Amino acid sequence: MSAEAAAGTARIFFREAIARALAEEMARDPRLLVLGQDVGAFGGSYKEFTGLHARFGDDRVRDMPVAEAGMVGVGVGAAALGHRTLVSITYMDFLMLALDPLVNYAAKARFKTGGRLRVPIVVKTTAGAKGQGVAHSQCIEAWMMGVPGLTVLAPSTPADAYGLLKAALRHDGPVVFIDHKRLFPKSGEVPLADHVLPIGAACVVRAGTDVTVTSHGYMVHIALEAAERLQAEAGISAEVIDLRSLAPLDTGTIAASVARTGAIVTLEEGQLTCGVGSEICFRLGEIMGRMPRAARVGPLAAPVSSNPVLEGECLPDAARLVAAVRKLLE
Amino acid sequence: MSAEAAAGTARIFFREAIARALAEEMARDPRLLVLGQDVGAFGGSYKEFTGLHARFGDDRVRDMPVAEAGMVGVGVGAAALGHRTLVSITYMDFLMLALDPLVNYAAKARFKTGGRLRVPIVVKTTAGAKGQGVAHSQCIEAWMMGVPGLTVLAPSTPADAYGLLKAALRHDGPVVFIDHKRLFPKSGEVPLADHVLPIGAACVVRAGTDVTVTSHGYMVHIALEAAERLQAEAGISAEVIDLRSLAPLDTGTIAASVARTGAIVTLEEGQLTCGVGSEICFRLGEIMGRMPRAARVGPLAAPVSSNPVLEGECLPDAARLVAAVRKLLE
Amino acid sequence: MIEPIARLRRMVLIRTVEAQLMARRDHGFQLYSTGEEAVAVGLCAALSPTDQLLSSGRAIGPALARGLDPAAVIAELLGKASGVNRGKAGRGHLAQPEAGFLGAHTVVAGNLTLAAGAALACQRAGEGAIVAVIFGDGACGAGALHETMNIAALWRLPLLLVCDNNGLSVSTPVARSMAASPLATLAAPFGMASATIDGMDVERVHTAAAGLIAGIRAGGGPAFLECRSERLTPHSSATRDTRAAPDLAAARARCPIARAAARLAGEGALDAAAFAALEQAVSAEVARGFALADAAPYPDPAEALSDVG
Amino acid sequence: MIEPIARLRRMVLIRTVEAQLMARRDHGFQLYSTGEEAVAVGLCAALSPTDQLLSSGRAIGPALARGLDPAAVIAELLGKASGVNRGKAGRGHLAQPEAGFLGAHTVVAGNLTLAAGAALACQRAGEGAIVAVIFGDGACGAGALHETMNIAALWRLPLLLVCDNNGLSVSTPVARSMAASPLATLAAPFGMASATIDGMDVERVHTAAAGLIAGIRAGGGPAFLECRSERLTPHSSATRDTRAAPDLAAARARCPIARAAARLAGEGALDAAAFAALEQAVSAEVARGFALADAAPYPDPAEALSDVG
Ligand SMILES: Cc1ncc(C[n+]2csc(CCOP(=O)(O)OP(=O)(O)O)c2C)c(N)n1
Ligand SMILES: Cc1ncc(C[n+]2csc(CCOP(=O)(O)OP(=O)(O)O)c2C)c(N)n1
Ligand SMILES: [Mg+2]
Ligand SMILES: [Mg+2]
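Protein chains in written order, with this note's numbering: chain S, 1 to 330; chain V, 1 to 330; chain C, 1 to 309; chain L, 1 to 309.
Wrong hints could be hidden among the right ones.
Derived CB-CB ranges, DEER-like [to be verified]:
#1 R288/C - A207/S: 55 to 61 Å
#2 A10/S - R25/C: 30 to 36 Å
#3 G115/V - E225/S: 31 to 37 Å
#4 A207/S - E98/C: 34 to 40 Å
FYI, nobody ran anything at the bench for these hints, they're computed from the structure.
If you're wondering where the values come from, they're calculated on a predicted model, not measured in any experiment.
Here a beta-carbon is modelled for each residue, glycine too, at the ideal position from N, C-alpha and C.
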């Protein structure tokens with residue numbers, strides 16, 4: 001816990017942490033804009049923009065047509081002229097409609113202009129499955145991690161959402177900020193004082209000695225649940241790392257943990273193939289000189305149906321993680 | 001070499017192999033359509049569609065507006081009603097404009113309809129750098145590999161281009177077929193007879209005993225060049241595997257090779273982070289029960305400038321691969 | 001049964017299925033067509049059996065209007081293996097191509113280019129079939145509409161673009177999402193036939209759609225039909241409504257079912273008793289559908305991995 | 001120098017830089033503006049210094065028209081560290097925002113939404129600056145144009161959309177890529193001011209642009225200017241031309257430079273000798289630019305990793 005946290009916190013919902021970070025940064029930077037579908041008076045699909053429109057008005061909190069490429073393109077263009085912008089893409093699946101301005105332009109603008117341009121845009125988007133079916137449930141953060149020039153953040157708690165969104169809104173390049181449908185209603189203590197987290201710093205959220213479990217976003221909660229069960233059911237002490245920043249990736253923190261535990265299991269909701277887990281394991285091998293014992297846990301290699309039975313079957317859960325850890329440590 | 005090849009081959013260019021496969025399949029299947037920018041009388045940016053328009057006419061070889069999402073969407077819609085379609089996306093960077101119909105619909109249509117729909121579409125696209133700069137040089141095949149429902153193919157020779165494109169055009173689901181700017185002018189022996197390669201089969205293109213090198217597309221040629229240099233300079237015998245199919249990935253062939261050589265170096269032109277190489281290495285660890293000695297080689301983590309000095313610096317080459325292999329085997 | 005009565009019955013069927021869904025919670029949430037029945041029913045009345053229909057995620061109306069078995073639709077929405085798509089599609093993805101419903105797709109505007117492709121397939125098949133696609137006013141902001149109109153017009157594809165303009169995209173009024181008004185004017189630069197009509201009048205929708213479809217079948221190329229409608233429920237059953245009570249009341253007063261029934265009553269074709277009987281018959285049919293669905297099993301978890309490839 | 005002569009000189013500068021590039025092979029390939037000089041020069045003559053210009057990948061004309069240092073542009077195209085962008089941008093990505101050239105972007109239509117965003121920044125800054133964006137007829141098929149026009153019209157953004165319609169997208173004639181004609185009609189549904197003009201007449205382009213820009217600065221919202229031009233070279237220096245010789249000859253007969261020179265001669269403002277002197281002066285300036293670029297080093301390989309983050 002940081003010094004600010006000790007100085008005083010309040011328990012708020014994840015969605016409130018988003019709104020608070022935005023409100024504070026909008027007050028700090030009179031140019032900062034928010035663009036998105038139903039981000040205005042409606043307050044966002046998950047109420048994560050509540051209050052912003054009332055406070056900052058139509059000019060700075062703008063409802064947009066259903067035109068994701070246009071939304072991101074407009075945000076990028078404004079940012080390139082120094083008007084920092086947060087663009088809300090309701091579900092991460094729709095980010096697929098907006099990759100051209102983000103990847104082909106924003107992520108490359110500084111490089112290609114020899115440093116003449118910066119694009120301080122934050123694309124905030126909601127990943128993950130919660131009964132919404134094949135085209136509203138995807139997690140494509142691994143794609144974004146491989147784009148040079150992009151910063152990719154994915155908090156799991158209200159405090160981190162607050163601290164990382166502020167960091168994103170002060171960063172001078174493009175950031176993809178990923179939240180999750182199942183996170184918005186979660187509550188947690190958030191520092192009362194201004195609190196900016198560093199970009200690129202993972203966090204050990206549970207200490208342990210037998211195995212390291214890495215995860216990000218909502219899945220961190222599954223990892224913690226599994227860690228408790230591992231302790232109770234098998235006396236296995238799992239250290240849980242919340243990655244928080246996917247690009248840059250804090251391999252130092254992970255490697256230090258694995259050096260102690262000797263084994264790693266990665267957990268993610270996105271597809272495993274070319275995913276976060278194998279990337280982490282490969283880099284660990286490079287850093288540590290040999291690959292540690294490793295396993296990865298994720299969804300089935302299939303679309304996520306909105307069907308409760310099939311969604312449940314597809315998604316990784318604590319039981320699957322527990323089984324993977326036990327198998328690895330056997 | 002297959003039986004057909006033994007029965008007779010002709011030396012043709014890679015681009016001719018594409019055109020020949022398409023012409024034969026269009027003759028076989030009168031519904032098969034080709035859609036793309038300048039695929040008609042112009043014959044494609046790399047002449048890989050030469051002759052098709054003259055033979056099959058405006059109705060079946062259609063020039064399209066510069067509207068990649070529309071092109072793929074139209075192809076997917078036609079395919080969903082049984083009109084198999086090949087859509088040409090000139091450069092893979094522009095595939096980013098067309099991911100919604102491909103990933104959110106085509107890759108999920110069979111699953112989500114409980115098997116009522118199939119989408120036999122082939123998206124052919126050209127990856128890789130050859131002096132065209134930051135937005136015309138990208139390789140995003142790793143993104144596609146993680147999409148359940150998509151088949152991803154990437155030939156390195158005219159014969160494989162011919163055999164794999166025919167396989168793609170007979171497959172009943174969506175396929176991403178990736179060629180490369182530097183491949184079109186390469187020539188090679190191609191069977192005279194009809195020749196369909198299996199999907200999901202890698203190929204050992206050079207036998208070796210000390211290390212396994214995997215690659216796909218144009219980079220296979222770099223791998224072969226490096227293998228020769230390793231032999232000559234250091235007496236290292238590298239086995240080179242051409243992956244050919246990225247999804248499904250032929251881990252059996254790779255694992256069998258690594259079981260013999262004991263080490264693997266992966267080579268790819270796309271970004272390493274969450275790329276093909278770490279995926280292969282992770283799966284090898286799963287199959288073999290422990291991670292082999294492994295290294296991955298790819299471009300720098302930066303956009304690819306069209307600048308000759310910077311492009312050369314960014315892209316992986318034989319020297320970089322040789323160095324990585326020597327370091328791994330040290 | 002005379003056709004206007006059949007259309008009224010279809011609208012009642014949609015309304016009833018949705019009302020019974022609204023009474024339960026075990027389906028997660030839905031995007032209802034309540035209020036917008038006349039658009040789907042009027043359009044489908046103008047389609048031939050071999051034509052194909054695509055819809056947005058607001059698909060219950062279109063699916064039932066196209067004649068899908070209500071029991072199979074209900075089962076699908078409840079996630080049961082007896083559903084049209086084995087319970088895998090659920091809301092927003094229903095499809096039965098053999099029945100002329102190529103299906104719903106819940107990416108806004110994501111169905112437009114697909115529809116053009118389907119129309120290309122129909123054109124090449126040369127059997128006279130056309131494709132109709134229903135999308136919202138919100139979808140009109142997407143570039144996919146432009147690409148679709150241009151390609152369809154260039155190639156004179158047999159495609160009817162049906163904009164179900166209910167005036168809202170979630171909370172955003174059409175005047176704040178679209179600079180063009182009426183939305184049908186978007187079709188003008190592409191030389192497409194178009195019309196803007198009252199989408200609460202099923203007979204008007206039927207006539208207008210039939211007229212445009214005749215032109216399409218005659219080789220005139222694509223057309224654009226804007227139907228002004230009202231959504232009488234919130235965006236989805238999981239979304240808060242943003243409209244003021246009087247606005248909602250005014251919308252309700254335009255109910256397409258009450259209007260069709262009143263017209264038929266005025267024409268002496270269907271008196272109050274007959275209408276009540278119709279409603280009862282539909283209600284019983286829908287209840288049977290729910291009972292069947294309730295009795296059906298969920299798909300086997302193993303189906304999470306079937307039909308992926 | 002009177003303004004029409006300054007504009008003629010700018011056109012000659014573009015033509016000369018390109019001619020000298022065409023004479024060498026050490027730059028890979030280029031997308032030339034030869035033939036289309038009047039569009040960029042006429043437009044830029046109507047822009048204020050604080051306005052911003054974006055262009056497509058066909059950027060040599062726009063960059064020089066906007067007043068970038070020819071030597072720095074030449075160096076950039078030759079990949080030298082003394083280039084506008086340290087040699088990292090190269091063809092298609094040149095940018096100098098401080099000089100009012102937010103830059104080229106070589107994804108077709110990829111610059112449109114960016115331009116709207118830049119216009120939003122200008123609008124919010126409230127200092128009267130506007131944004132102009134040049135794109136081709138081919139770009140008009142992309143949905144990005146629709147999204148841009150709609151958003152810009154909704155928000156009355158200070159944005160001038162300049163379609164440099166040279167009638168071709170690589171090999172595809174505009175009639176086969178666009179169902180709308182003239183292309184400026186695309187702007188009509190959005191209530192935008194628009195015009196279609198002869199893009200080979202630099203004075204006409206200047207006047208038309210100035211007129212539309214006055215409306216934009218007055219708060220009238222975005223406008224659309226279609227300039228009918230001719231590309232006098234193949235799509236790129238690496239692409240085969242598909243036009244028949246007579247068509248190409250007819251295009252060449254419309255040369256905007258010859259036309260402007262003839263007009264000035266007719267007006268007695270610039271006789272043949274003065275024009276020859278102007279051409280010679282430009283030629284010498286360009287040769288100096290090439291000499292400087294040739295003497296400059298390539299960027300250090302380490303720059304492959306700089307300015308990424
Ligand atoms: C590409 C995309 N962006 C956003 C959404 C979220 N969304 C679902 S429905 C909807 C509103 C669509 O409005 P409209 O097209 O008018 O259809 P209606 O809901 O009124 O039937 C939105 C924004 C989506 N499904 N797809
Ligand atoms: C999205 C995208 N698709 C395709 C291309 C390849 N391409 C480069 S220029 C061009 C033609 C563009 O035509 P137009 O917009 O008329 O511009 P012009 O070349 O005539 O100046 C194409 C298709 C591209 N750069 N970007
Ligand atoms: Mg609507
Ligand atoms: Mg053009």
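Violated constraints from the hint list, given by number and in increasing order: 4
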